[in-house]
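K.L.:
Each chain, written out:
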Amino acid sequence: MEHERLKKYLANELSPEERNAFEQEMENDPFLQDAVEGLEAWQKDKQQWSADALETKLQEQAHRIHTPPRGKMVLFNFVKLALAASIIGIISLLTWRMLGNKTSVDTQELFAAYYQPMTHPDATVRGDHSKNEEDSAIQAYEKENYFEAVNHYRKLTQNHPKNVRYQLFLGISYLSTQQAKKAIETLQPIITSAEYQDDIHWYLAMAYLKNKEVTNALVHFNHLTQTDNYYQQQAKEIADKLDGKLAAN
Amino acid sequence: MKPTHSTISDEELIVRYKASQDNSITGELYKRYSMLVFGLCYKYLKEETEAQDAVTEIFVLVIRKLADHEVSNFKSWLYSTAKNYLIRRQKRLQNQPEMIEAEKISENFMENEPDRSLYIREQDTDLLQQAISHLNDEQRTCIELFYLQQKPYIEVASITGYDLKKVKSAIQNGKRNLKLFMEEKRQQHGA
Chain P
2 MEHERLKKYL
12 ANELSPEERN
22 AFEQEMENDP
32 FLQDAVEGLE
42 AWQKDKQQWS
52 ADALETKLQE
62 QAHRIHTPPR
72 GKMVLFNFVK
82 LALAASIIGI
92 ISLLTWRMLG
102 NKTSVDTQEL
112 FAAYYQPMTH
122 PDATVRGDHS
132 KNEEDSAIQA
142 YEKENYFEAV
152 NHYRKLTQNH
162 PKNVRYQLFL
172 GISYLSTQQA
182 KKAIETLQPI
192 ITSAEYQDDI
202 HWYLAMAYLK
212 NKEVTNALVH
222 FNHLTQTDNY
232 YQQQAKEIAD
242 KLDGKLAAN
Chain A
20 MKPTHSTISD
30 EELIVRYKAS
40 QDNSITGELY
50 KRYSMLVFGL
60 CYKYLKEETE
70 AQDAVTEIFV
80 LVIRKLADHE
90 VSNFKSWLYS
100 TAKNYLIRRQ
110 KRLQNQPEMI
120 EAEKISENFM
130 ENEPDRSLYI
140 REQDTDLLQQ
150 AISHLNDEQR
160 TCIELFYLQQ
170 KPYIEVASIT
180 GYDLKKVKSA
190 IQNGKRNLKL
200 FMEEKRQQHG
210 A
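Chains as they are written, first to last, in my numbering: chain P, 2 to 250; chain A, 20 to 210.
Keep in mind the hints are simulated off the structure, nothing from the lab.
Careful: at least some of the hints might be erroneous.
[To be verified] Here are the computed lysine-lysine pairs in the DSSO-like style, where the Cα-Cα straight-line distance is at most 27 Å: (1) P:K45 - A:K185; (2) P:K8 - A:K110; (3) A:K194 - P:K144; (4) P:K47 - A:K184; (5) P:K45 - A:K50; (6) P:K213 - P:K182; (7) A:K184 - P:K8; (8) A:K65 - P:K58; (9) A:K50 - P:K144; (10) P:K9 - A:K185.
Please model the complete structure; the sequences and the hints are all you need to start from.
P.N.:
Written out as structure tokens, the structure is:
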């Protein structure tokens, strides 16, 4: 289905062959081409991509669409759906609150308050084979074009699976495009690495925070509070807030 | 049994809608195309809320028009309806005197019309090879990587060192030049 492929294309989830096939279609379909251009601009402006969030937004406003035959406003069935969804939403919210679990809102607020992509260190040691790819990755990363950075770092990690720095910056690039799960999957396997140890703990903790996995996030924030490091103070502040929240529950 | 629309073609949905005025059918069309329309609107309006509002207004318009229009290809029709809406909206916002932007949009749309020149006959393969060899280095490299080696834009950019914008533009311009070259040769040979 075109809609699903469009979402996968924008989320960088198509293989190179599938991407090319989709792009060749775009070359012959001006509507698709314009739409992708617009959606990519939207992604860039928002610095995040959530096809589901956009779909939800569009569906939420579907109730505004109506046909007025003979002057009568006929509302879409979406109104009924929207009402049902609202009721379910309200019930869920009440249940959530009755259970006293308010972490979902707070984790996102905390993430927004503390998250910042790491400054890229100067990469001076590069193999000839990966020079162009790494340059492109760093350039995209420094320009805060994290979707493009993800593409480059994915290739680099495929070619150099043991390179911790590539994994770390792939993880941060994922997180900077709001793909917390992928960031966790990328950072968790390198957690025992001696190189960039504090950075990995910090960004993995932030990824868990973004993904609302408070207990897992606390493991890594607490780890950072135990030693003298760049993140110690911030980790302590977040850990205290999360501890307080868990204690309140 | 509850009817489902998800597997039915756009055109069949329209036939059914005209017969039943069932709003769930237009709901299905909205579901299929609202994201594409949003992308189109965002491209030209560059503002999220405005683009969202435009999506709503375009679908209202489309549903109204469906009643008295014969639509053989819904997607193309939706695209031209949306484009016309955006041009009119631009004119309205600028209160008519500033036509430049609307014209600019119109020009962009014209440029983006599907280029059918690359749908070639088999006997044109040699001519195509000849045409490709006449492109400048930039366009030839991008066209070969994209169409012949089937690399996605990002890889073409990575291989050539050009940025994405340059790659897309080289492909677009390369296609246009291929078309011109082939048309010219066909005329010369009375083909």
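K.L.:
Which numbered hints does this structure break?
P.N.:
2, 3, 9
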